[in-house]
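The primary structure of each chain is shown beneath.
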Amino acid sequence: MFDAISLTINIGMLGYFMFSLFTDGLQSFANNYIFIGYLIFTTLTLPNLLARVIFKSRLFGFVSALSFLYFPIQFLLQVVVANLTGLSLSEILPFGVIFNLILWNVLFLLFVIGDNKSGNESEFTLGEILSGMLPAIIYVIFTFVLIRQRDSVIALDYLQHITVPNKMFNNGMLCLVPGQCSNLFLQHGYTTFYHTILGNLSTFLGTDPIKSFYVLDIVFPLVVSIPIYLKLKEVTKSTIWAQLGVLLALLTFVMGGYDFVFFLPQTLTLYFLILILREKELKLPQLILATLLLLPAHFIVGPLFAGYLWFRFLIVKNLNNNKEKNILLLLLALSILFFCLANIAGFSVEKLLQSDALKVVGSATNPYYPSNISAYIQNLGAGWLLVLLAYISVLIQKKKNKEDISLLGFITFGIIFYFLAPTYAHKFGIGLAFFAIVLIIKYLWQLGFKPVMKLVLFGLLISIWGLNYFVQYNKYLKFYTQKDGTASAIVQEDKALIEYLGENKLPDTFIISDPYTQLIVAALGNIDTVNAQYMPQKTRQNFLEYLEDPNPETYEKLLTSEGIPGGEDLNILYTSRIHRSIELDDRAWIYNIYSLPINNSFSINEVGEDLVEDQKRLNKDLIYISDNFILFK
Amino acid sequence: MKTFYLKLLTIIVVLAGIYLSINRYHQYAQYKNFEIINERQSMIIQLPNAEYIEIISRNDHVTDYKEITEKPFNVVTNIQKNSTLENSIMRTDFFYEYIENKENKREVIITPIDSKNIDINITSTTAYQFKEGLKYVIQLDYTNKTEFRETQELGGVYFEDKGCKVEIYDPNLDYDATENRQTLLLKREYSPSVEYNLKLTISCKD
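For the protein sequence lines, the chains are A and B, in the order given.
Position one of the first sequence corresponds to residue 1 (our numbering), numbered consecutively onward.
Position one of the second sequence corresponds to residue 1001 (our numbering), numbered consecutively onward.
Some hints here could point you the wrong way.
Calculated lysine to any residue pairs in the SDA-like style (CA-CA distance at most 20 Å, straight line) [unchecked claim]: (1) B:Lys-1007 <-> A:Lys-483; (2) A:Lys-475 <-> A:Gln-149; (3) A:Lys-483 <-> A:Arg-150; (4) B:Lys-1102 <-> A:Asp-585; (5) A:Lys-475 <-> B:Thr-1010; (6) A:Lys-478 <-> B:His-1026; (7) A:Lys-450 <-> B:Thr-1010; (8) A:Lys-211 <-> A:Thr-291; (9) A:Lys-495 <-> A:Ser-603; (10) B:Lys-1165 <-> B:Pro-1048; (11) A:Lys-399 <-> B:His-1026.
The following residues of chain B were derived to be distant from chain A, with all beta-carbon distances above 12 Å [claimed, not checked]: (12) Tyr-1052; (13) Asn-1078; (14) Glu-1103; (15) Glu-1150.
Derived from the structure by calculation, the hints contain no laboratory data.
Don't be surprised by glycine CBs; every beta carbon is placed ideally from N, CA and C.
Start from the sequences and build out the full structure, keeping to the hints where you can.
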């Protein structure tokens, strides 16, 4: 039955696409939500089919995590083809995406039909997959009906990351780390592994990037729900407990970590870890391969996850008796206490060792006691009480399970790193949504509640998580909520600029503007800017100084500022954000790189005569793009 | 038996969890008698009567009421506010402003407690030569003319306007109002580090 359902859905989709092709033409696919969703789903699950059909491994497991290497390998092959044929990457890359769509369909057919000859494994697997996705569908409805607005993009990270596939596609660039392709990455946090996948999802086929990001936030949790479900099913042997676990995991909004909320390098790395953990026990060669996969995916959480796998392999696996397990459990608890107290006493890595990084940002990147404790608690909310109960339960168990200790170990590592407070320590909350939920579900399942009680308990747990998630998500949206109530990084007034940049290609143009507009220009116009949202503080100050007092001297000072490359034709994009800053003397944005005014509706009644004159001196004319944008070119 | 107690404990914990979650949601969703706007070089407490109270660093002054009147934050060399992206990511529940004018530093933390009450903490570090009678003064500017009166409770001043009553409690209350009846001046004996811990209670008719 599940085979038939899956095949019917897929054939239905393909039929719909054929129909759309003949009625609306090829161009319509760029804005078609169903096609974008299909593209994202097939791209994210292609490695699973590769693992199952080609490598004869599990659909969701260690090999499927490794199979994600398909995307960078495919990209490299396309670069080779481009070099051999003399074609540009923008001509070749779309064929790669189409090839992947066809490959997915072939592999899917082979999975379903080929499998039927030797029993009915695919029927069972697809049944399990649909069971796992059911709570994710409920989650998607909850989130996208009650919280998110249509076509909202609520992570500036997406805009930053898309500049890399943009450069690959439009400029034919090949880069190992994103900073080699785009000047928006001040530090090397990952390789371009993630960006080759993102390119397939949002850039290489020319789909609308804004719609792609929106749909990605819907499809990513649907895909991730499957291995979470399978892990929980393995632990509890119960479908309903596993489904509850999936729902609770997705309803955990980890601030900074964003476990299953956004598709980012760090969450992709977490997805890899979850796939890897489907293997009950990793052998040494597998562990080495897993480490080699996790490290390039993210240079901070990758080592954390790899370290965790080695902790399981070297320590937890070798715990032989209850005494050793008890000692480890107590050590974990003491570590939390120690690092928490050290933090309360004022210890912080960012303050002690990372003062240079703080100078770049303009302020501390972490909240401090008591705000940091409150912020961390809010990630799970009242769920922490159940984590505590689960810990006590493990502690008093006569026969302790190594899996429980591993789960507690991960949570402990996250807390320790958080309280050590290196820059952006909130990222170490990542994984909480998975590890805490597996621990809690396992604990509750073991208690063996009667059906009625179980039903009540499910209702209460969903309410606890649902309420906390709703508050966390909405608080997160605060920055993205514009004056007109729209909650998105894409501002209505900015659409005129996006349209202008789409219609008027500006090759060899280097734009300087306010940091937020620069991000929009770089992400959606593929035009170089002064490090976009990460425009250095001093450059911001020099830019504002020039705008307020335009003369050869202040212009020269601006030209020699950090982030402005010599020899480039510098074009000023005057915006409502800048105008408001000058008119209302609002200058916080020049002292902190995260101080980004999102609203762009302040009317530009008049641009200073001095500025117009000085720009004329530089042979720049005014181009009125809209009421909110004036380009000097 | 152990399982029974664990089950019981679990039920109690889950019920406590429900209470805490509803409480958190209620705190988030409840209608508040104020909105904090943390922009430019001031902190604004917007009231439902369309008026607002503004605390502007530029208005802080050091005075002996005779010869000296200095404004330590008339010029600003650094401003930090947590009202934008940073606040969304770091998830702090208070509003923060840090102003610097070379060696002079001023930090404001506004923490909404519930729908009516707000804690305001202002710490100002300045470097002026000590003089007898020298005062550090901050201003709470209201957008309308009003009468500032003392509350029955010690250390409190209040005013009423357009259906809203605003009570300001300062444990070391030493205040004055300006002639235009729009500004409350809160004074401290001058010292290099001056701290204010104010409590505001805002009650408005529905």
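Consistency of the no-contact label for Asn-1078 (chain B), given chain A and a CB cut of 12 Å
It is violated; Asn-1078 (chain B) is separated from chain A by about 5 Å at its closest Cβ, not greater than 12 Å.
Restraint status (C-alpha distance of Lys-475 (chain A) to Gln-149 (chain A) at most 20 Å)
15 Å, holds
Take a quick look at whether Lys-475 (chain A) and Thr-1010 (chain B) sit within 20 Å of each other, Cα to Cα.
Not OK: Lys-475 (chain A) and Thr-1010 (chain B) at ~29 Å, beyond 20 Å, violated.
Cβ separation check - Tyr-1052 (chain B) to all of chain A, threshold 12 Å
15 Å, holds
Does Thr-291 (chain A) lie within 20 Å of Lys-211 (chain A) when you go C-alpha to C-alpha?
34 Å, violated
May I ask you to check that Glu-1103 (chain B) keeps its beta-carbon over 12 Å from the closest beta-carbon of chain A?
17 Å, holds
Need the status of pair Lys-483 (chain A), Arg-150 (chain A): alpha-carbon distance at most 20 Å?
17 Å, holds
Are Lys-1165 (chain B) and Pro-1048 (chain B) close enough, with their CA atoms no more than 20 Å apart?
11 Å, holds
Please work out if Lys-399 (chain A) and His-1026 (chain B) have their alpha carbons no farther apart than 20 Å.
42 Å, violated
Restraint status (C-alpha distance of Lys-450 (chain A) to Thr-1010 (chain B) at most 20 Å):
OK: Lys-450 (chain A) and Thr-1010 (chain B) at ~14 Å, within 20 Å.
For the pair supplied as a hint, Lys-478 (chain A) and His-1026 (chain B), confirm whether the alpha-carbon distance does not exceed 20 Å.
Between Lys-478 (chain A) and His-1026 (chain B) the Cα gap is close to 17 Å, so the pair holds against 20 Å.
Hey, Lys-495 (chain A) versus Ser-603 (chain A), does the alpha-carbon distance stay inside 20 Å?
16 Å, holds
This entry does not satisfy hints 1, 5, 8, 11, 13, going by the numbered hints stated previously.
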